[in-house]
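Given next are the chains, with one letter for each unit.
There are 2 protein chains.
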Amino acid sequence: MASFVQPSSSPHLASEEDEQKYANVNWEELGFGLIPTDYMYVAKCKQGESFSEGKLVPYGDISISPCSGILNYGQGLFEGLKAYRTEDERIMLFRPNQNGLRMQTGADKLCMTSPSEEQFVKAIKKTVLANKKWVPPPGKGTLYIRPLLIGSGAVLGIASAPEFTFLIYVSPVGIYQQTSSGLNLKVDHQHRRAHSGGTGCVKSCTNYSPVVKKMQEAKALGFSDVLFLDAATGRNIEEVSTCNIFIVKGNVVSTPLTSGTILPGITRKSITELARDLGYQVQERDISVDELLEAEEVFCTGTAVVVQAVETMTFHDKKVKYMMGEETLSTKLHSMLTSIQKGLVEDTKGWMVEIDL
Amino acid sequence: MASFVQPSSSPHLASEEDEQKYANVNWEELGFGLIPTDYMYVAKCKQGESFSEGKLVPYGDISISPCSGILNYGQGLFEGLKAYRTEDERIMLFRPNQNGLRMQTGADKLCMTSPSEEQFVKAIKKTVLANKKWVPPPGKGTLYIRPLLIGSGAVLGIASAPEFTFLIYVSPVGIYQQTSSGLNLKVDHQHRRAHSGGTGCVKSCTNYSPVVKKMQEAKALGFSDVLFLDAATGRNIEEVSTCNIFIVKGNVVSTPLTSGTILPGITRKSITELARDLGYQVQERDISVDELLEAEEVFCTGTAVVVQAVETMTFHDKKVKYMMGEETLSTKLHSMLTSIQKGLVEDTKGWMVEIDL
Ligand SMILES: Cc1ncc(COP(=O)(O)O)c(C=O)c1O
Ligand SMILES: Cc1ncc(COP(=O)(O)O)c(C=O)c1O
Numbered sequence: 007m008a009s010f011v012q013p014s015s016s017p018h019l020a021s022e023e024d025e026q027k028y029a030n031v032n033w034e035e036l037g038f039g040l041i042p043t044d045y046m047y048v049a050k051c052k053q054g055e056s057f058s059e060g061k062l063v064p065y066g067d068i069s070i071s072p073c074s075g076i077l078n079y080g081q082g083l084f085e086g087l088k089a090y091r092t093e094d095e096r097i098m099l100f101r102p103n104q105n106g107l108r109m110q111t112g113a114d115k116l117c118m119t120s121p122s123e124e125q126f127v128k129a130i131k132k133t134v135l136a137n138k139k140w141v142p143p144p145g146k147g148t149l150y151i152r153p154l155l156i157g158s159g160a161v162l163g164i165a166s167a168p169e170f171t172f173l174i175y176v177s178p179v180g181i182y183q184q185t186s187s188g189l190n191l192k193v194d195h196q197h198r199r200a201h202s203g204g205t206g207c208v209k210s211c212t213n214y215s216p217v218v219k220k221m222q223e224a225k226a227l228g229f230s231d232v233l234f235l236d237a238a239t240g241r242n243i244e245e246v247s248t249c250n251i252f253i254v255k256g257n258v259v260s261t262p263l264t265s266g267t268i269l270p271g272i273t274r275k276s277i278t279e280l281a282r283d284l285g286y287q288v289q290e291r292d293i294s295v296d297e298l299l300e301a302e303e304v305f306c307t308g309t310a311v312v313v314q315a316v317e318t319m320t321f322h323d324k325k326v327k328y329m330m331g332e333e334t335l336s337t338k339l340h341s342m343l344t345s346i347q348k349g350l351v352e353d354t355k356g357w358m359v360e361i362d363l
Numbered sequence: 007m008a009s010f011v012q013p014s015s016s017p018h019l020a021s022e023e024d025e026q027k028y029a030n031v032n033w034e035e036l037g038f039g040l041i042p043t044d045y046m047y048v049a050k051c052k053q054g055e056s057f058s059e060g061k062l063v064p065y066g067d068i069s070i071s072p073c074s075g076i077l078n079y080g081q082g083l084f085e086g087l088k089a090y091r092t093e094d095e096r097i098m099l100f101r102p103n104q105n106g107l108r109m110q111t112g113a114d115k116l117c118m119t120s121p122s123e124e125q126f127v128k129a130i131k132k133t134v135l136a137n138k139k140w141v142p143p144p145g146k147g148t149l150y151i152r153p154l155l156i157g158s159g160a161v162l163g164i165a166s167a168p169e170f171t172f173l174i175y176v177s178p179v180g181i182y183q184q185t186s187s188g189l190n191l192k193v194d195h196q197h198r199r200a201h202s203g204g205t206g207c208v209k210s211c212t213n214y215s216p217v218v219k220k221m222q223e224a225k226a227l228g229f230s231d232v233l234f235l236d237a238a239t240g241r242n243i244e245e246v247s248t249c250n251i252f253i254v255k256g257n258v259v260s261t262p263l264t265s266g267t268i269l270p271g272i273t274r275k276s277i278t279e280l281a282r283d284l285g286y287q288v289q290e291r292d293i294s295v296d297e298l299l300e301a302e303e304v305f306c307t308g309t310a311v312v313v314q315a316v317e318t319m320t321f322h323d324k325k326v327k328y329m330m331g332e333e334t335l336s337t338k339l340h341s342m343l344t345s346i347q348k349g350l351v352e353d354t355k356g357w358m359v360e361i362d363l
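So the sequence lines, in the order shown, correspond to chains A and B.
So the first sequence is numbered by the working numbering: it starts at 7 and just counts up by one.
So the second sequence is numbered by the working numbering: it starts at 7 and just counts up by one.
FYI, nobody ran anything at the bench for these hints, they're computed from the structure.
Each hint should be verified, as a subset may be incorrect.
In silico DSS-like links for lysine-lysine, alpha-carbon gap of 27 Å or less [what the hints assert, rightly or not]:
1. A:115 <-> B:115
2. B:139 <-> A:219
3. B:139 <-> B:61
4. B:52 <-> A:225
5. B:50 <-> A:220
6. A:52 <-> B:225
7. A:115 <-> B:219
8. B:219 <-> A:50
Start from the sequences, fold in the hints, and give me the full structure.
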């Protein structure tokens, strides 16, 4: 069974050093790489029991059985959300309960026990609070939060692990330049990301390593990323390796149905609502490649990319260009969403959750 | 980046305690659970470099970055093979180079660097030798060997990890009772295990946690395991969660093609050869469920199950029974294969590799 390295001294949350407002980071040059912070959160739970409260420990390597479910059989889920620092110095989370619920769905699919929605949100808040000096200044970026739920107990034959670990680590990340340039996507007409009855609809670690090669190959050809088609027909679009996709034609905004093979993105769900607020008709339905190629505007959504315009789409030898710039719906939606997240406009949806400092 | 806990003292391979011939295990009651042994093997390699020789360290938890490729994105492969103790006290491996080659194919698919075939086999030998007192007495079981190749370096955005770890641990396991009773399989008509272009053809950890729930559900209904169908048509059989499948009718033995979605089992390959030696016509081809239900005899092959007869097959409401017992081909093949593995007959194929004690 996994046992984590104990901190040599208990977390000292109020020492002099920690009182400084910001960590020593060059905030102007944030990318999307790991910057280790002070603390991570760890909780454990035996199979058949429930999670009790975990604890903050110094960020660092964990100790785990070579025979654990995650190392041998890929029994693991992750989540991704962000903490935002507002102009008036509050620290806010965007719909963290949605990530907690998604982790529960995933845990059920992978036969794991998950923390409750309440435990999940509380743990996120605690972790962000302990690392608050790592939340970038307003406008410079966000604190990316990465919760993991893994089968940490030892299991030799294929089965669910006897122990699960819920872990949260964080890293400051930069903002994506949304307006300057768009994504250049390649439709992958050969490989599928997910299949019916599989794990495509949950944030299982098993969905990601299999697409790294396809991403690498596309990047080597100058593309930003890959757009996958459905495994059942090979005719309909599904999603990009780490974000959902929308197409716009006239007054209609369409996005693929979350019918089991694509991730129900929290940004996707929020953008759907904002587009309706703007008077667009939003359809969740099957979208063929033909329709994709005839769209006026295409954009992607996700916690990392927020809302990002697609500039070009390539399918076999055909390459189409989409509308870009200030007048596009994606620019409007990006601005609406980030204004809410940064606390620049009133949050009438009840999406933002403030962390008591 | 991952750093492994260093042993407090260097491995002492020749101390008095180690000189005892057998470890303190109740050899009569071996199952398929983990029995920790003395040593494991660990080697590391940075992305873009090659593996150099690893080392034996005491078996125990490893230390790994919470941000590693394996914990977040399922970047990991495993292998499974066995060491056999012969009546004349030699210790033998069965075709270990095949496992090494399969790990290379998998590493390529998941953008990892793999040890060479030679390094792989050498490391296996070293690990078994260091744990030789854990190899069960002849007839009591085998030493199961579990090599892992994992993305151990830290990576935040989805990409290949900057460091890989090759690790081998072992555990004594019992023999499967092949003749007493057969498998009762359920054809899963809803869920697929793999899809074209996916990782079904390699021993990626990502193929296993997604099927645990289906196995659990089948077991709750009294079945031994699940037989999956192909994702493309849903009409042809592929494989069971951890073994390959064969059907027999008259003089023809058939097994599904390894065309990208099923694991090319080493037992499958060996059994194919032995069946040909027995004068059977062996076909690797698409096999429909209809044909499966009309077969005379059905059996599964794999390192863990060796060759095991299927007693019943259930598809929707239809349940068929197959030939069982001493006269079946599977009984013959099981005996031929295990006689080679145990050193009871001459190994004319060059399959067995002896470990110099
Ligand atoms: C495959 C995939 N699709 C879509 C998304 C977008 O989801 P969300 O908006 O919840 O971040 C993600 C994760 O960010 C993802 O990994
Ligand atoms: C999915 C799957 N199929 C088949 C097999 C059989 O392969 P082998 O005969 O090499 O053990 C295994 C592993 O044992 C497996 O995991």
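>> When the structure is checked against the list of hints, which entries are broken? Sort them ascending.
In response: 2
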